[in-house]
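There are 2 protein chains.
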Amino acid sequence: MARTTGSDGEKTEAALREAAVSLMARHGYEAVSMRQLAAEVGVQAAALYRYFPTKEDLLFTLMREHMEGLIGAWEETRPLMAGPAERLEAFVGNHIRFHVARRHSTHVSNMELRSLSRENLTHILRLRTSYEKELRQILRDGVETGAFLVDDTGLTAMAIIQMVTGVIVWFRPDERLSVDEVTETYLSMTLRLVGAETKNIKNSREKRDVHAFDEFRAG
Amino acid sequence: MARTTGSDGEKTEAALREAAVSLMARHGYEAVSMRQLAAEVGVQAAALYRYFPTKEDLLFTLMREHMEGLIGAWEETRPLMAGPAERLEAFVGNHIRFHVARRHSTHVSNMELRSLSRENLTHILRLRTSYEKELRQILRDGVETGAFLVDDTGLTAMAIIQMVTGVIVWFRPDERLSVDEVTETYLSMTLRLVGAETKNIKNSREKRDVHAFDEFRAG
Numbered sequence: 001m002a003r004t005t006g007s008d009g010e011k012t013e014a015a016l017r018e019a020a021v022s023l024m025a026r027h028g029y030e031a032v033s034m035r036q037l038a039a040e041v042g043v044q045a046a047a048l049y050r051y052f053p054t055k056e057d058l059l060f061t062l063m064r065e066h067m068e069g070l071i072g073a074w075e076e077t078r079p080l081m082a083g084p085a086e087r088l089e090a091f092v093g094n095h096i097r098f099h100v101a102r103r104h105s106t107h108v109s110n111m112e113l114r115s116l117s118r119e120n121l122t123h124i125l126r127l128r129t130s131y132e133k134e135l136r137q138i139l140r141d142g143v144e145t146g147a148f149l150v151d152d153t154g155l156t157a158m159a160i161i162q163m164v165t166g167v168i169v170w171f172r173p174d175e176r177l178s179v180d181e182v183t184e185t186y187l188s189m190t191l192r193l194v195g196a197e198t199k200n201i202k203n204s205r206e207k208r209d210v211h212a213f214d215e216f217r218a219g
Numbered sequence: 001m002a003r004t005t006g007s008d009g010e011k012t013e014a015a016l017r018e019a020a021v022s023l024m025a026r027h028g029y030e031a032v033s034m035r036q037l038a039a040e041v042g043v044q045a046a047a048l049y050r051y052f053p054t055k056e057d058l059l060f061t062l063m064r065e066h067m068e069g070l071i072g073a074w075e076e077t078r079p080l081m082a083g084p085a086e087r088l089e090a091f092v093g094n095h096i097r098f099h100v101a102r103r104h105s106t107h108v109s110n111m112e113l114r115s116l117s118r119e120n121l122t123h124i125l126r127l128r129t130s131y132e133k134e135l136r137q138i139l140r141d142g143v144e145t146g147a148f149l150v151d152d153t154g155l156t157a158m159a160i161i162q163m164v165t166g167v168i169v170w171f172r173p174d175e176r177l178s179v180d181e182v183t184e185t186y187l188s189m190t191l192r193l194v195g196a197e198t199k200n201i202k203n204s205r206e207k208r209d210v211h212a213f214d215e216f217r218a219g
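One line per chain: the protein sequences are A and B, in this order. Position one of the first sequence corresponds to residue 1 (my numbering), numbered consecutively onward. Position one of the second sequence corresponds to residue 1 (my numbering), numbered consecutively onward.
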């Protein structure tokens with residue numbers, strides 16, 4: 001398939017992707033037609049097929065780029081010379097920031113695995129597995145160094161990913177908390193979940209001790 | 001609308017619900033037609049409209065009964081005279097058992113809020129809020145008695161619900177773990193997440209101390 005190059009072609013392709021993600025997130029992949037998508041962007045259906053020969057090509061491209069983007073963002077931010085707790089914080093922080101900025105794309109990626117062909121599904125699942133392996137490795141390193149206490153690294157990795165991806169279900173940046181505040185709270189929950197002693201826990205316990213001491217002096 | 005009563009009518013209605021949940025989980029609400037649903041169950045489309053005047057009535061009924069079922073299951077199992085940790089374990093156990101047994105229905109309930117009318121959406125969100133309040137109350141009680149250490153009860157409640165609902169994304173009962181084993185692991189993750197001292201943590205720390213002691217005696 002010939003691909004239109006140059007800035008107009010690129011703009012059209014970007015507009016098509018954006019419209020596709022938005023339509024699919026609102027109506028579901030099966031309910032969105034190529035005709036409807038072309039109309040949304042204001043191109044002929046024939047032009048759309050030049051970029052994406054089938055609707056599934058389009059879905060696969062969206063889901064592949066979502067996962068490649070997530071893995072790329074992690075590769076750029078991951079600290080290499082750091083302990084497990086610091087690496088876990090970086091992983092969770094990157095995961096939340098990436099997904100909060102891509103609500104529709106996350107929605108489509110999580111929901112429409114059912115709509116991929118077996119071959120494309122295998123490709124996406126391999127990307128997911130390689131991403132999850134990064135987290136499992138951090139958890140295993142934490143268990144080995146005694147920094148974490150984890151019963152099952154596989155289950156714990158899934159639990160953390162589900163928990164932090166879930167932020168996009170309810171979080172709206174204009175509400176009472178900023179992305180940074182939400183991330184901070186999720187970081188300390190994650191650290192507690194893996195049995196790491198967090199600064200917050202230490203702070204709270206220290207505060208409690210101070211109160212106890214004050215009462216002792218007053219008494 | 002007249003509703004067919006008696007055992008045949010009830011059987012048809014149950015078959016329609018089951019088929020609707022399964023079709024919607026696989027294809028998405030918008031992509032499933034009433035005609036397709038009637039054909040799946042082997043009734044005339046006209047008969048289907050006697051039970052559910054519109055497709056959205058059907059979706060609303062499925063989502064309302066899902067939430068009422070979840071709240072009902074919790075009301076039956078919740079321990080009234082128990083501490084926060086025990087109540088939290090009961091809540092998480094009930095939540096996992098209920099959702100693992102209703103994968104399709106959970107999928108539809110989580111995905112298709114977008115397809116409800118404003119009035120029906122408000123009704124479903126009220127049911128969700130009343131369910132989540134139960135968890136927030138447990139967390140608050142735990143903080144008050146000093147059993148839990150939680151930074152933000154609202155965020156923590158959402159995190160726990162997302163984490164444990166996520167079990168249905170990957171869990172298949174015929175794999176390496178049983179529902180009970182998975183539940184057990186999620187219970188101890190949840191207790192750690194809220195800063196409760198769990199038996200598992202204590203056991204592991206005791207085991208570690210035993211090793212240290214053995215080494216001491218050997219040395």
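Source of the hints: derived by calculation from the structure; they are not laboratory data. Warning: the hint list may mix true and false statements.
Stated by the list, open to error - If we take Cβ atoms under 7 Å as the criterion, some of the chain A residues that face chain B in the derived model are: (1) 116; (2) 154; (3) 155; (4) 168; (5) 170.
What the hints assert, rightly or not - These stretches of chain A come out as covered by chain B in the derived footprint (C-beta under 8 Å, 3 or more residues): (6) 65–73; (7) 132–145.
To be verified - So the derived label-pair ranges between C-beta atoms look like this: (8) 132(B) with 80(A): 38 to 46 Å; (9) 78(B) with 14(A): 26 to 34 Å; (10) 137(A) with 127(B): 37 to 45 Å; (11) 44(B) with 9(A): 47 to 55 Å; (12) 140(A) with 140(B): 33 to 41 Å.
All C-beta atoms, glycine included, are put in the ideal place defined by N, C-alpha and C.
Hints broken by the structure, by number, lowest first?
Violated hints (numbers, rising): 1, 2, 4, 6, 7, 9; every other hint is consistent with the structure.
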